[in-house]
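Peer 1: Take the sequence shown: its position 219, counting from 1, is numbered 219 in full-length UniProt numbering, and each next residue is one higher.
Calculated directly from the structure, the hints in this document are not laboratory data.
Nothing here was measured: the structure is a model prediction, and the numbers come from that model.
C-beta: ideal position from N, C-alpha, C; glycine also.
Some hints could be false.
[Unchecked claim] Across the chosen pairs, the derived CB separations fall in these ranges:
#1 118 x 206: 19 to 25 Å
#2 162 x 298: 31 to 37 Å
#3 198 x 294: 22 to 28 Å
[Claimed, not checked] Below, simulated DSSO-like cross-link-like pairs (lysine-lysine); rule was C-alpha separation at most 27 Å, straight line:
#4 274 x 322
#5 50 x 260
#6 210 x 260
#7 322 x 50
#8 274 x 50
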Amino acid sequence: MRRRSCCCLIAVTMAILLFIIFICGSISSRVRVESRSQGEVRVSGRALYKLDISWPKNPEVFSGQVFGAAVNHVSGLVYVAQRGDNIPKVLVFSTDGDFLQAWNTSSLEMPHGIFLANASTDPTVWITDVGNGPYGHTVKQYSPSGKLLQVLGSPGKAGSSLSPLQFDQPAEIFIHSSGEIYIVDGDGGMNNRLIKLSRDLQVLWMHGEKGQGLAQFYIPHSVAVDSYQRVWVADRGNKRIQVFNSVTGDWLGSWGSCFKEDAPYSVRLTPDQKYLVVAELNTNQITLLEAPPIGIIGQCQVVSSIQLAEDVKPHLLDVDLKNAALYVAEIGANQAQKFVPV
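Using the sequences and the hints given, assemble the complete structure.
Peer 2: Next up, the structure:
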């Protein structure tokens, strides 16, 4: 009798344990599903892009604040830049998602923006540095493997001089196929400038006043040049995009009505020049605006909006000029993501 009671007790105990394991497994499974769903994106307007969930193949290599991405569309490489102590500053992936290499450099303090120049001939990687130490307030040129080639500005010295050239927290650089250089200088420092330099680093024209008026800036954060001799600047502090003639520097127009809730942090154009791609950090959105034809700026029109997960915080992005894929650096999620045309 006592043995039968013991067996019953064991049976009941095993049943309870199996029930608990089943419940825990169900909860765990539900948590994983919910976790996956948080990484999904929502698209409003026209469905122009979708998330490539297979890129990169090994996201565990991200180890710092991912702030920028730059694409070499010729060789099929993506340079993802991150910041933090004792971590590689640049991670190199293939456009298929394979992790290829990483490089670090002691010459970077607080990197902010990254750009890949001369993709088809002699590719180099340019990184802006907003640090306040002995290497900061500069724009640096590197080889694709991380060798420092050139430094623009006065390392460790914030300033507004054009001769010699000085910066104060330069946000981003864009180098045209002609070799001409565009720099937005002022990620919160004393300068609020858009500077155009020639191939041999001579100042061609500049807009450099802080304010809300035409051709004035408050924290210019990103810059891009289209095929119609127009320069597009994400005027972050003023929640608008300003447009200039790339040859003369003349002001052409301004877009602000599309940015009531958040500011544009990054601006790029699709290869067909049909859309302006904008990152909005605080609302966690990627917005595609209709790019106007040559000579006409008009009012901004949102064509599509990609809503990312909460606190992802897209900072800067780049566009693959071969297949129009987007690579978004998410400084809140410490990762980069790829979006492909639908």
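Peer 1: Are the hints correct? Go through all of them and say.
Peer 2: How the hints compare with the structure:
no., hint, in the structure
1, 118 x 206: 19 to 25 Å, "holds, 24 Å"
2, 162 x 298: 31 to 37 Å, "holds, 33 Å"
3, 198 x 294: 22 to 28 Å, "holds, 24 Å"
4, 274 x 322, "holds, 15 Å"
5, 50 x 260, "holds, 25 Å"
6, 210 x 260, "holds, 21 Å"
7, 322 x 50, "holds, 17 Å"
8, 274 x 50, "holds, 18 Å"
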